[in-house]
Amino acid sequence: MHKKKVIFNLVQSNINGGLENMYLDYSKIIAKKYELICLVSKNFVHIKELKQQNIKYEILNIKGHFDFFAFVKFAFLVRKYQPKLIFAHNGRCFALLNLYKLLIRKASFKTIAVSHGGNPKRLINFDYIITVAQHLKAKIIKKYPHINHEKIKVIYNGISLGKITFKNQIVNQNKDVIFGTLSRLSAEKNIITAIKAFALFSKKVSKSKLLIAGEGPEDAYLKNYVTRHNLGDKIVFLGHQENIKKFFQQIDVLVHSSNKEAFGLVILEAFQHNKFVISSNVGGLKEIIEHKYNGFLYNDSKSFVSLHNEMLRCYDLSFEARNNVIKNAKKTLEENFSLKIVEENLLTLLHK
1 MHKKKVIFNL
11 VQSNINGGLE
21 NMYLDYSKII
31 AKKYELICLV
41 SKNFVHIKEL
51 KQQNIKYEIL
61 NIKGHFDFFA
71 FVKFAFLVRK
81 YQPKLIFAHN
91 GRCFALLNLY
101 KLLIRKASFK
111 TIAVSHGGNP
121 KRLINFDYII
131 TVAQHLKAKI
141 IKKYPHINHE
151 KIKVIYNGIS
161 LGKITFKNQI
171 VNQNKDVIFG
181 TLSRLSAEKN
191 IITAIKAFAL
201 FSKKVSKSKL
211 LIAGEGPEDA
221 YLKNYVTRHN
231 LGDKIVFLGH
241 QENIKKFFQQ
251 IDVLVHSSNK
261 EAFGLVILEA
271 FQHNKFVISS
281 NVGGLKEIIE
291 HKYNGFLYND
301 SKSFVSLHNE
311 MLRCYDLSFE
321 ARNNVIKNAK
331 KTLEENFSLK
341 IVEENLLTLL
351 HK
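Numbering (the working numbering), first residue to last: 1 to 352.
If you're looking for bench data, these hints aren't it; they were derived computationally from the structure.
Errors might be hidden in some of the hints.
Stated by the list, open to error - When the alpha-carbon atoms are kept at most 25 Å apart in a straight line, the in silico DMTMM-like pairs for lysine to aspartate or glutamate are as follows: (1) LYS143 to ASP127; (2) LYS32 to GLU58; (3) LYS4 to ASP25; (4) LYS80 to GLU58; (5) LYS5 to GLU150; (6) LYS203 to ASP316; (7) LYS234 to GLU218; (8) LYS151 to GLU343; (9) LYS340 to ASP316; (10) LYS33 to GLU49.
With the sequences and hints as input, model every part of the structure.
Put into structure tokens, the structure is as follows:
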């Protein structure tokens with residue numbers, strides 16, 4: 001019987017976000033055709049799902065970019081399983097593989113770096129690079145113009161179309177308007193701009209609310225701001241959401257005011273749940289959203305006035321116009337961002 005090629009999939013993370021969800025999707029896809037070993041940090045959020053999928057995993061904690069103990073354990077795992085290919089998903093993983101190749105010059109495996117942003121310097125010595133958006137590929141080529149362009153592949157994130165339920169739940173001027181944000185409460189997600197924009201909007205449209213889902217280091221700061229400005233009756237903090245379907249059932253419009261975004265999986269999730277999207281025009285977000293076609297974009301991510309204007313413009317749209325935007329979002333999702341497309345692109349690369 002022909003033995004399947006062994007592949008490692010390496011990640012270091014203890015948060016729950018787009019990178020971690022993509023890692024899980026990649027693991028499920030690779031495990032269909034190959035013998036997969038996931039190397040994950042102790043507190044990785046998707047260990048339970050790996051167990052449910054019967055995907056083998058090993059705990060590998062990398063504490064820094066030059067972690068000797070992690071290097072020794074990694075070398076042991078390489079010798080034990082003899083992988084032919086290794087995926088790496090973030091900085092400490094890139095550093096470990098670069099260190100291994102520096103010290104063990106005759107590495108028996110090929111490497112693929114999956115870039116979700118960050119410093120491209122750590123990626124250039126990998127055999128292949130996958131970027132989750134075109135702007136990340138362009139960034140690498142701009143900084144390293146002599147790099148082989150053919151080794152950089154763009155594979156967008158995707159979601160399963162089978163989960164989609166397209167039920168019309170669209171903003172109507174005769175009912176309450178509920179905006180929502182769904183992200184980590186960290187500085188780069190720029191939730192404060194969404195709060196300020198909504199505060200201005202709510203002065204003109206009294207029947208409105210903003211639901212903020214997620215948790216993170218800016219939690220206390222954002223809550224204090226809401227309290228100081230007497231917005232507690234209109235802005236609700238929901239905390240971490242285990243069930244995003246329940247969150248999307250509560251809102252009419254997703255607002256995404258991030259300062260930077262490698263891709264923006266939450267936009268696809270909003271499309272999936274038939275929600276209108278208003279987003280900052282940064283990073284991978286503008287590769288998903290075409291302004292006025294499948295959502296609204298505002299150009300200055302930190303301008304709450306600019307965001308507020310798009311919120312009003314969305315509210316003032318006719319039912320038909322709003323519905324057309326949501327239908328176009330569905331079409332975009334089906335044609336460009338399905339998990340099936342991710343699988344096809346990833347397996348094509350692996351077959352090379």
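To see whether the hints hold, each was checked on the structure:
The hinted pair formed by LYS143 and ASP127 meets the criterion: a straight-line CA distance of about 18 Å does not exceed 25 Å. Among the hinted pairs, LYS32 with GLU58 is consistent with the structure: their alpha-carbon atoms are about 19 Å apart, no more than 25 Å. Only pairs whose Cα atoms come within 25 Å are accepted, and LYS4 paired with ASP25 is accepted, the gap being roughly 20 Å. Between LYS80 and GLU58 the alpha-carbon distance is near 12 Å, which keeps this suggested pair within the 25 Å criterion.
For the suggested pair LYS5 and GLU150, the alpha carbons sit about 24 Å apart, so the restraint of at most 25 Å is met. Restraint check for LYS203 and ASP316: satisfied, since their Cα atoms lie roughly 15 Å apart, inside the 25 Å limit. Simply put, LYS234 and GLU218 have alpha-carbon atoms about 19 Å apart, close enough for the 25 Å limit, and the pair holds. A threshold of 25 Å between alpha carbons decides the hint, and for LYS151 with GLU343 the separation of about 18 Å falls inside it, so the pair holds.
A hinted pair counts as satisfied when its Cα atoms are at most 25 Å apart, and LYS340 with ASP316 does not qualify at roughly 36 Å. A distance of roughly 18 Å separates the Cα atoms of LYS33 and GLU49; the hinted pair therefore holds under the 25 Å criterion.
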